[in-house]
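Chains as they are written, first to last, in this note's numbering: chain L, 3 to 348; chain U, 3 to 348.
Treat the hints as calculated values from the structure; they're not laboratory data.
Don't take every hint at face value.
Here are a few chain L residues that face chain U, going by a calculated C-beta distance under 8 Å [what the hints assert, rightly or not]: (1) T268; (2) Q269; (3) F271; (4) M274; (5) I278; (6) S279; (7) K285.
The structure presented is a predicted model; accordingly, all values stated were derived computationally and were not measured.
The beta carbon of each residue, even a glycine, is placed where N, CA and C say it ideally should be.
There are 2 protein chains.
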Amino acid sequence: METDLVENKQILFKSYTNEYVKETDMELKLGSPMKLEAPKGSNAVLVKNLYLSCDPYMRGRMRDFNRSYMPPFSPGSAVEGLGVSKVVDSDDPNFKKGDFVAGITNWEEYTLIHKTSELRKIQQDDGIPLSYHVGLLGMPGFTAYVGFYEVCAPKKGDYVYVSAASGAVGQLVGQLAKLHGCYVVGSAGTSQKVELLKNKLGFDDAFNYKDELDLESALTRYFPQGIDIYFDNVGGEMLDATLANMRAHGRVAVCGMVSQNTRTDTQSFRNMFSVISKRITIKGFLQSDFIHLYHRFLEDITSYYKEGKIVYIENMNHGLESAPTAFVGLFSGKNVGKQVICVASE
Amino acid sequence: METDLVENKQILFKSYTNEYVKETDMELKLGSPMKLEAPKGSNAVLVKNLYLSCDPYMRGRMRDFNRSYMPPFSPGSAVEGLGVSKVVDSDDPNFKKGDFVAGITNWEEYTLIHKTSELRKIQQDDGIPLSYHVGLLGMPGFTAYVGFYEVCAPKKGDYVYVSAASGAVGQLVGQLAKLHGCYVVGSAGTSQKVELLKNKLGFDDAFNYKDELDLESALTRYFPQGIDIYFDNVGGEMLDATLANMRAHGRVAVCGMVSQNTRTDTQSFRNMFSVISKRITIKGFLQSDFIHLYHRFLEDITSYYKEGKIVYIENMNHGLESAPTAFVGLFSGKNVGKQVICVASE
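Work out the full structure, taking the sequences as your base and the hints as a guide.
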């Protein structure tokens, strides 16, 4: 097959950092001219990237730290992340030109993907936006699903608190908790997000944590009866304030620590003793440990969505070049909802 | 029944403190002369106290803090604690003169106990010292038993770390873990305790945490493969250092925080992120939630002891007047083994 060469725009990762991640830690470059084909014998697929996902966990891959659950990025190579792509050429019999796939790809226009076994073929559905396959039906949605049902041990009537509640994960946790018959309060960092939580996402109540001088007493105000479940997306001071407000036998699912910039930031806790006196369980988890539930998750969440029981808010930026700014914005809460980059339309 | 009046020596609790507890927070006094009888219609028992238990949890009752799992002591009243006592007179048909009982009593020579339903009658056994009913077969032993079997989810071959390992709870946790087929390392604060752990209590290894400049690397040295279970009796810096050394899916049973002087001491954590990346479960517990297992515990531990599978080390001080010093000594690790006060011989 004779194909034209294309110059492949890419976002490269430049070098490791332990400071706040900046746009200049990445750069836009033109890759070397490439053929839009999957070489014979490679078993690879050549995809056109449509949607790229900006997720906080990627911050961890920008450190020179090899002992985490994901290896660090290679400086000088394209940023790696989850995406929705369209197959342009395939040397893998399981995929054909025109298929839509979700999985790990690169921050570039076209990617030759060798690990095709980790790609998930998307059954296209007019009722569901393709981009949701990196959000509601992707890793963040699955994180919310297993975190809530498998880690939090929820019961009807439980008092549930969600931090970063309008984010990619939090917004679904809150809605699942409501469907489960729980009382749900969320926190976020702008009044716009608080409005969304209350008026669009169906939380019973919500507050802007930046307006609160004392998080501990704020939580006491929103949960006079105490908290049964805390779904923690931020860590640090908020986790500490929550411990003081937990009920006996409360559960904390630790999903993210976006407040923690470096792996070894010192965090001060005043309320650790509550872990004993209230018999609290604090449980860290990774969605990847529950992958056997992925199929059930897709079925459940797709049904809920189609039945109008849940909604999903995306923050869509357009153009590959917008990705570094959008990614960095995650850590100061600039995104309203799940942050996605639209690289190309189908 | 005509009886002589006795002057009842007591240790009174003086006033609440948020500082380090001191001997002068308690005082020895003679109580008002009392008759050694259980008044008719009182349903009470009058006991002679033989052994009194010094336990770290009692520190919490010396604070003016009403929201914990135990109410605060009353200033000016005798210190309340667990003990082994002999019934002198009984108005409760379930007890008779000469019975030995274990339960909550006062730090004094004689106590009139009204809550007789909370007393446990001791089946005397020549093979088992009476004082063990506030240690190996009492609350600390039960704490070790449920903490290890019910909270830590132990498996044969697990790497187990115990802090305050020669204490009332830790020494039994380590021995149960060895019986379960685990690899067990303990830490303590003197070389004498380290020797006991290795040579008498059967730990695979042990170290003096005071000799270590860097607890995190010390633990890496003792557990090059990482830690599956941490039985935490101290909290604070040691808990933080352990988090960095846990294996994936590790479990931390939080039993005590003797390093934390006040309820709101600030504790610095550098390794909280490990809770996510290693999917660690941190679980606080109170033995009182497992009381349905007490009978099984007594049977199991009594058998183990009689079969010579476990030993128990006590630090016995003599005389009621020695109790304040012994109690305060718990918080600087002066006791070697379970701290008991012998008030009177049978």
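Structure-based check of all given hints:
1. T268: Holds: closest Cβ of chain U sits about 5 Å from T268(L), inside 8 Å.
2. Q269: holds (5 Å)
3. F271: holds (5 Å)
4. M274: This interface hint holds because 6 Å falls under the 8 Å limit.
5. I278: holds (4 Å)
6. S279: holds (5 Å)
7. K285: With Cβ-Cβ at 5 Å, under 8 Å, it holds.
Of the numbered hints given earlier, the model fails none.
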